[in-house]
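Spelled out from the first residue to the last, the chains are:
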Amino acid sequence: MLIDNKIFNHFRNLRLVEKLFIQGFLITILLIIIQLSLESARDGFMSYMPPLGFFFLMIVTYGIQPLIIGVLNILIINVLYKTRGWQVGFWLNGIFLLLAFSTINLLLQTSLSLPFTPYVALIDILVLSFPFGCLARFSNGGWKKPID
Amino acid sequence: MGKLFSSVIQAFIEFINKSLVKNLIVITLCITFFFVQVFYPYNYYASAIRKPNSTFQVGIHYVYEQDSLDQIYGEVTRIHDLGFKVIRISLECNPLDYNDSMNQKTDMFFSATDNYGLAVALAIQNLDTSDQVNYYLDRWGSHLKYIQVLNEPELSSSWDVGALFTDDEIISKFEIMYATVESHNLSVELYTNFGIGYIIRSNIPIELSKKLDFVGLDIFMDAFLVLSPHFIQNLQKITGKDVIITELGMSTGIDFAQTDFIIRGLNLFKSIGLKGCWLVYWNSQFDKYGIRDRPAEKAVGDWIAQNAN
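Protein chains in written order, with this note's numbering: chain A, 1 to 148; chain B, 1001 to 1309.
A couple of the hints might just be wrong.
As the list claims (entries may be wrong) - Heads up, simulated BS3-like pairs for lysine-lysine below, C-alpha to C-alpha not over 25 Å straight-line:
| hint | chain 1 | residue 1 | chain 2 | residue 2 |
| --- | --- | --- | --- | --- |
| 1 | A | K19 | A | K6 |
| 2 | A | K19 | A | K82 |
| 3 | A | K82 | B | K1022 |
| 4 | B | K1022 | A | K144 |
| 5 | B | K1210 | A | K19 |
| 6 | A | K19 | B | K1022 |
| 7 | A | K82 | B | K1288 |
| 8 | A | K144 | B | K1018 |
To be verified - Among the chain B residues that face chain A by a calculated CB cut under 10 Å, a handful are:
| hint | residue |
| --- | --- |
| 9 | V1026 |
| 10 | P1041 |
| 11 | I1199 |
| 12 | P1229 |
| 13 | K1237 |
| 14 | F1286 |
These are calculated hints, taken from the structure and not from any lab test. No residue lacks a Cβ here, since even glycine has one placed at the ideal position from N, Cα and C.
Build out the structure end to end from the sequences listed, making use of the hints.
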């Protein structure tokens, strides 16, 4: 199978703490990239055939983005823990992680009066990767046995 | 004891690891995060003045056209004595008769504001004509510090109630009015104010703000006061300009509610670090927005004495 190669086996042999950090790190990086991309594209969206652009932006932000995050999260779980399937749907899992991420950022930005880039993004990567990994691992999971 | 504890923990982990339970926990947390996002910024800023030393300018809209000529000077004196730094007015004039009573009131108003050194913001409404604006700016333009080009254009009616301006109408109307104002070469700051409806027509502030010095946001109703930190931050982001609250007020006959709303608004906007907040209205004949001769007048005066600088 594609995920049964040497590299993935190496990741599976890591300690739980390391796996959680890798999971949190990857998801945090993805969330930051998507957030920055959406921010830079927002004016373009809003100016595109108003008000259609606004609705497209909402669909991308709260429809497509959570799907991508949810899919990535379960992929990471299945690779790192050698599981199959999922407990929580992609979209729900993705919107949960997105809301958790944006809530933490909102708290940081408001309380510390810091902009998202570069300060809050750096705090996310350096400090919050591990806790975010725990949250991501908790929020979904697969099964060791194949599901019919 | 240790064995019992470990088996309880084991049972708990098995319980929350069930798909149904996990789904419910995730959904509950999603709802919690949503409410935190909605209410946290307001609670954070409203719980204490976060930037006590920041400069904050308090202004008020004076509907002087509803007062008599001999009353206007005294009212401007009262406004000044309360500590207001800016008076916002609507464009009112009669271009056809130099000595018309409306023009005399405007003369009287500006003689008072000049005497007290008060800044004046002129609000050009959406249906005002270029001829009116030209006449006004030729005659009184040098007294102005701020000019508002259009009023809440994203929500305004073009030709009848309910007939909203289209984007094209708003932008072309803005271009015409902007060119009219610019042709007078006045040393004024230009702004346009938006209601919370700008959220779904964000292309309008994005487009108009390119030619403005700052943008205004109008806050009415408790719900929008609570949500205002989000609206302010978003408006700053999309326009790249400073935001000033250009209309804050409550039309109610309940004095306590009006005073409470205005003072909470002033505290909030000062705490956020905005440069200013202008109230509506000083006087208002046809609704209950006016604060003149009501408890809010004294409360705002006291607030300015303690907090504005």
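Comparing the hints with the structure gives:
Of the pairs offered as hints, the one joining A/K19 and A/K6 holds, with about 16 Å between alpha carbons and a cut-off of 25 Å not exceeded. Pair hint A/K19 plus A/K82 holds up; C-alpha atoms about 12 Å apart against a cutoff of 25 Å. Taking the CA atoms of A/K82 and B/K1022, the gap is about 20 Å. The hint holds against a cut of 25 Å. Restraint check for B/K1022 and A/K144: the C-alpha separation of about 17 Å stays at or below 25 Å, so the hint holds.
Distance restraint check for B/K1210 and A/K19: the Cα-Cα separation of roughly 48 Å exceeds the 25 Å cut-off, and the hinted pair is therefore not satisfied. The straight-line distance between the Cα atoms of A/K19 and B/K1022 is roughly 21 Å, inside the 25 Å bound, and the hint therefore holds. With a CA separation close to 67 Å, the supplied pair A/K82 and B/K1288 exceeds the 25 Å bound. The straight-line distance between the Cα atoms of A/K144 and B/K1018 is roughly 14 Å, inside the 25 Å bound, and the hint therefore holds.
The restraint placing B/V1026 at the interface with chain A holds, with a minimum CB-CB distance near 5 Å, inside the 10 Å limit. Restraint check, B/P1041 versus chain A: the minimum CB separation of about 5 Å is within 10 Å; hint holds. Interface restraint check: B/I1199 against chain A, minimum CB-CB distance 8 Å, threshold 10 Å, status holds. Interface restraint check: B/P1229 against chain A, minimum CB-CB distance 8 Å, threshold 10 Å, status holds.
A cut of 10 Å between beta carbons decides the hint on B/K1237: the least distance to chain A is about 8 Å, and the hint holds. A hinted interface residue such as B/F1286 counts as satisfied when its beta carbon comes closer than 10 Å to some beta carbon of chain A; here the least separation is about 33 Å, so the hint is violated.
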